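From first to last, the protein sequence lines stand for chains A and B. Just so you know, we're using my numbering here: the first sequence kicks off at 442 and counts up by one. Just so you know, we're using my numbering here: the second sequence kicks off at 9 and counts up by one.
Taking CB as the label site, the calculated pair distances span:
| id | chain 1 | residue 1 | chain 2 | residue 2 | range |
| --- | --- | --- | --- | --- | --- |
| 1 | A | K548 | B | G139 | 48 to 58 Å |
| 2 | A | N647 | B | V118 | 36 to 46 Å |
| 3 | B | F258 | A | N781 | 43 to 53 Å |
Examples of chain B residues lying across from chain A (beta carbon under 10 Å, computed):
| id | residue |
| --- | --- |
| 4 | E48 |
| 5 | L51 |
| 6 | G68 |
| 7 | Y228 |
In short, the hints are calculated from the structure, not lab data. Since we're looking at a predicted model, the values are computed, not measured. Glycine residues also receive a C-beta, built at the ideal position from the N, C-alpha and C atoms.
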Amino acid sequence: MKKSARGLSRRQFLKSTAAAAAVTAAAEFVRDAFAATRDRITIYHSSVADSLHPYKHSSSPIYGQWQHIFEPLVEYNYKRKDYDGVLAESWQFDGKRWVMKLKKGIKFHNGAPLTSKDVAFSIERMKDEKGGSLQGSNFKDVTEIQTPDDLTAIFVTKQPLAIFLDRLENRFIINKGAVEKYGADWEQHPVGTGPYRFVSYQRGGNFVFTRNDDYWGGKASVKEAVFKKVTEDAARLAALEAGQCDFINNVPVHEVARLERHPRVKVDKVEGLRMFFLAFNVAYKPFDNKLVRQAANYAVDADSIVKNIFEGIGYANQGPVGVNVVGADPKLKRYPYDPNKAKELLAAAGYANGCDVKLYYSSGRYPKDTEVCQVVAAQMAKGGFRVDLVSQEWAIFWETTGVNGGKLPFYYIGRGSLTDADTLYDQYFRTGTTKRTGYSNADVDKLVDEEQKTPDMKKRTAILQQAGKIIMDEAPFIPLYNLADIYGMAKNVNWKIRPDEKVLTWDMAVK
Amino acid sequence: MRRFRYFKVFAGGVILVGLVVCGVAAPLLAPFDPQEQRLEARLQPPAWSGVHWLGTDNLGRDILSRIIYGSRISLLVGATTVILAGVVGCFLGAIAGYFGRGIDEIVGKVTEIFLAFPFLLLAIALMAFLGQGIVNIILALMMSRWVQYCRVVRGEVLSLKERDFVTAAKALGGKDFYILLRHVAPNTLPSVTVVATFAMAIVIISEASLSFLGLGVPAYIPTWGSMLSEGRSYMSRAPWLTIFPGLAIFITVFGINLLGDGLRDLFDPKLQRQ
Chain A
442 MKKSARGLSR RQFLKSTAAA AAVTAAAEFV RDAFAATRDR ITIYHSSVAD
492 SLHPYKHSSS PIYGQWQHIF EPLVEYNYKR KDYDGVLAES WQFDGKRWVM
542 KLKKGIKFHN GAPLTSKDVA FSIERMKDEK GGSLQGSNFK DVTEIQTPDD
592 LTAIFVTKQP LAIFLDRLEN RFIINKGAVE KYGADWEQHP VGTGPYRFVS
642 YQRGGNFVFT RNDDYWGGKA SVKEAVFKKV TEDAARLAAL EAGQCDFINN
692 VPVHEVARLE RHPRVKVDKV EGLRMFFLAF NVAYKPFDNK LVRQAANYAV
742 DADSIVKNIF EGIGYANQGP VGVNVVGADP KLKRYPYDPN KAKELLAAAG
792 YANGCDVKLY YSSGRYPKDT EVCQVVAAQM AKGGFRVDLV SQEWAIFWET
842 TGVNGGKLPF YYIGRGSLTD ADTLYDQYFR TGTTKRTGYS NADVDKLVDE
892 EQKTPDMKKR TAILQQAGKI IMDEAPFIPL YNLADIYGMA KNVNWKIRPD
942 EKVLTWDMAV K
Chain B
9 MRRFRYFKVF AGGVILVGLV VCGVAAPLLA PFDPQEQRLE ARLQPPAWSG
59 VHWLGTDNLG RDILSRIIYG SRISLLVGAT TVILAGVVGC FLGAIAGYFG
109 RGIDEIVGKV TEIFLAFPFL LLAIALMAFL GQGIVNIILA LMMSRWVQYC
159 RVVRGEVLSL KERDFVTAAK ALGGKDFYIL LRHVAPNTLP SVTVVATFAM
209 AIVIISEASL SFLGLGVPAY IPTWGSMLSE GRSYMSRAPW LTIFPGLAIF
259 ITVFGINLLG DGLRDLFDPK LQRQ
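Isolated chain B, as found in the complex (with noise of 0.2 Å):
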């Protein structure tokens, strides 16, 4: 069982550094420039004899390379969406359950009205408000996953400031944001690690169904979403052009939520009594 679990962290481990390597060593790693069009060699099936490992999409551009080049964007909206959200759920989620009261009453309510929202539609709503751009998109992302860290971090401190450790901190005259910062949060670290790499696949996602609409970022950037669009009208004629981004975005969120369910697994007080 405990071995098992381990498995799962590796394994989601080694497909997230996999990924890191990409976006990082893009450059070094894509036999070709992902932007160049071939007319002359457009839709070539994949040969991994040949010099297109994954084959050519519609404009004769090389897919493995655009793949590549594709995981930076999704490295890099999922992170910083991830970071930003953390940051600002974690804070009014931290604030609000050791407070309670009013900043809990307001809190609240706004988790409430976000939570109402499907996220994918207010995603949209809001890319279509702020425009194309990696930026709005990490925005428009963020401002629909913080409510999950929030929550999850103000249950979590709920609970924790009634602990005798906070009760005694407090008795030794320990000031309310010292104790919150030093005695409450590291305990809530373990779930809001869990929920950032649950966040972390949801957001990679987004941004593909992003791009795929068209919503995402600017045209000429390679993405996996925008990929997926761009073949789906060759389907029938061109598999690969399919086939392929969408077996990278299918191996990142299966990597990340393995490597999320295994660190759940890790930190859950009650499996790690078995």
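Isolated chain A, as found in the complex (with noise of 0.2 Å):
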């Protein structure tokens, strides 16, 4: 038999296969060695956008990759415990009125000068819950927005708004010509201010990025960010290890000893803002009843689960907010574990042979988040309720046939980047704002009122105490923990950690 009839004699075929094994673990080695450079960082994270509508979500980890392509008016500055203009050069609160001045010479990725017409139609479509926006409640107090010349735009509001500054806060400005021009297609053509632009993105794949290079703005150093949605622990860390991505977010704390260790990774901690908790409807039975709610309260052992499950990197929270959050009341505590008082209430309820209830969550999307809820089950069995586990799609859960949607009765839900108790309070339980908790309380919303139109943050503090008080009483939730936020990254990258969860490439920089 000739050997070309053959195609490959096998020492030909040997030696190929060796040449090809060798490159393959030679390109392995580069990439070992190298870990994150200039050009791309990759980030494999928890949360990433699940569509490319800008405002079709509220999360702060998503705001943190839309944020790259937009731009918001201002931005808290953590350190200073105040608001920085982003576009916003000034602002002055003039009684029914906010005045924004906008920064002169910031153009849009298409050339397009930023103008106060942007913000206009921006806030507009935030404002269009039809047309897909979960945001439009930052704006139900303003009736108009008023544009007087190219940069000063103004927010009339029913009634003076003392907080407005928190609503701006993550509101993102899109180009208008822009979005005129692509019509239906808008969304596939994100065009903003930020220092990055936007390539491409696959739902569940990658969200992708490169620099902007004519930010008005300082230059990042990373030339393009690649955001992948990665739900599971391991698979982040093991890709991690593995040199397949640069940087991760939610490292589970068992892992971080161990990360240490690492001759390639480092891992960087901070208090997180997010505030985890277990939120009822009460549009549902049987926690439309008070001492159903109350009886909760009293089975679950939050401080427990900080200290088991968490190994101890974070605290329970006390009242309806964390100890560090404006509005805080230091007098308050939290229902103390106690599953006989929980029964003794169930029973007073009419519950005395057991409460069957389900605890809807989504599995990945927070730190060891099926565990928790496992043990909540475990711990609400003790005190007399029977606890059904639904783990369900984030995109299903959030949406509108879940929480959003006002579909869920009791559920294991964080709230991110809470600085002032006022976010959570209007948010959650002022009458109308949202559906996810169905909650209604004259006295609370009358709260909220007054304190949304007090400047003065002593007598803001005192009102919102008052009103943490009635909704500690009524229960209408119940209050977990704040945990650390941990990061894993590359040895090689330096970021300046932000406690909100926010990712941003251009804070980062690679040696």
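Hey, can you piece these two chains together into the complex? The hints should help.
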């Protein structure tokens, strides 16, 4: 038989295989040796935008991704504990008006200058809840947006709104011209003013940005940023250790010690602003009954969860918000863990033989969420509840068929970047803001109204504390804890860690 | 040679019997309640002299007890699926093989459709469609397992129906279903037994895979697959969370395969003549 008839001789085959193997091995070695580069940084994150609609979410990490492309008017400075202007140069609180002056000379990625028309247009888009926005409630008190000139936007509110800057945080400005040009296709062409431009997006795949070299502010050092949604803790960790990605969030606390000894990887921690809780929707039985809600509060031992599941890297909340939040009341105490008391209250509420509830959560969204929910179920079982756990895909859990449609009676969730109790009280417990809790209490409404028009911080805090007391007694939710946010990254990445879960590539430098 | 064959059946049998005993007598054998969480005693390593022989998991539950209780699910799902799939598969295979023509054509096409699906993918799709639950998992696995029986039985029946004793029975005026049940079916039993044992091994692995993916039985029921799934993020810190349920699956499937192998050798007429 001729050699050529068989295509490859055995020797040739072996030779080429060996060569291919060597090249592959060498490539692996190179990747391992250099880790992150200035050309590209790859971030595996547990939550990445589920669609290209920039307003169809309200989640801190996802704000962080959009902030690469779009920018807000103002941003909270956690060090100064006050707001910095981003697109806004200055602002003025004037009774029922907020006058915002925009910075001069800012250009969108398509070359168009930033004007107050873009601001008004963006806010209108955010208010358009039929169009998919989940951010409209931030502007429910805004009656009109005036644009007297190109660099001035005036927000007129129903009543004086002292906390308006908080509402403007993470509200990103899109380009009116681009949206009008692309029409129904506008989501596919995100045009902003940010330090990065949009490159590509696949749902569940990569969300890619490249540096905007014409950026009006300081230039980012990393050229390309790739975000990929990986909800599995172990998978993110393995990818980081293997050099497949350069940066991950939510490092499981039990892996921190091992990672700290890793030759190529480091860990960074910060006290997180996210407050975790179990929310009730009081529109559903049995949570319409205050006694049941209080019983559930008595039945959950948050301290034990923090101590054992999170190995002590956090603290249980004593009131409706964490101790470091504006409006927290140091005198409040959480319901003590007391399963017998829980049973008594349940019996008083007419559930002497136990009470069946379903606890919804989205596995992989938050650190150790499955474990937490299993523990909660076991704890509540001792207090007379029978808890069925239901894990849902985030998109289903979160959107109109879930939390935001008010369809879930009882769920595990976290509120991120919480610095002011008003944010939580207004969003979750004020009548009509959201369907998430179905909660309505005239006294709370009145206090929130009052607090929102009070510029004096001391007075505001006192009002917030009053509202906090009522909320604690009414128990429309079970406050749990704040945790440390733990990030893992390649050793040669320098990142200014933030407490609000945003991963901003321009805060990174690669050595 | 022959002794070794018996050894395989014996060893496989012992493992299977052990599994059955574990499942049936779980409440007596398990030292702890498999659900009971003791957070203060979480992630305790295995200690033969200690309280928890195989250690505790991430919520402080006793791993040995969970493995013992987990055998119930494996057994229940394994046995029920194998029997149900067997009944459906054998019936369809037998009538297809015996009557031939149209029925054979239809059954043949349907089996081909089912065979065209990757087995686990079909099971995953069905579970996603039906939702969690033991009944649903059995249904999903059955839907994807009956085909093997059907093909084997059809082949057997095709050759059996040409044999002299069947012709004789026909000549004596036997009705079709009588002949099928009385003369043909018993002769397919050896092959069906072998198919069933191997199917059981595959079903147990599939149940574990589906539970691992979170598509199996509800989370509060301990299964080997869900133990693996929950333990995997602790692989480096506490490997016993995954090693022991993994071993349980391995030993069970190994034992059942050994049994199936041995049975096949015993029933194979070619080997018997040697």
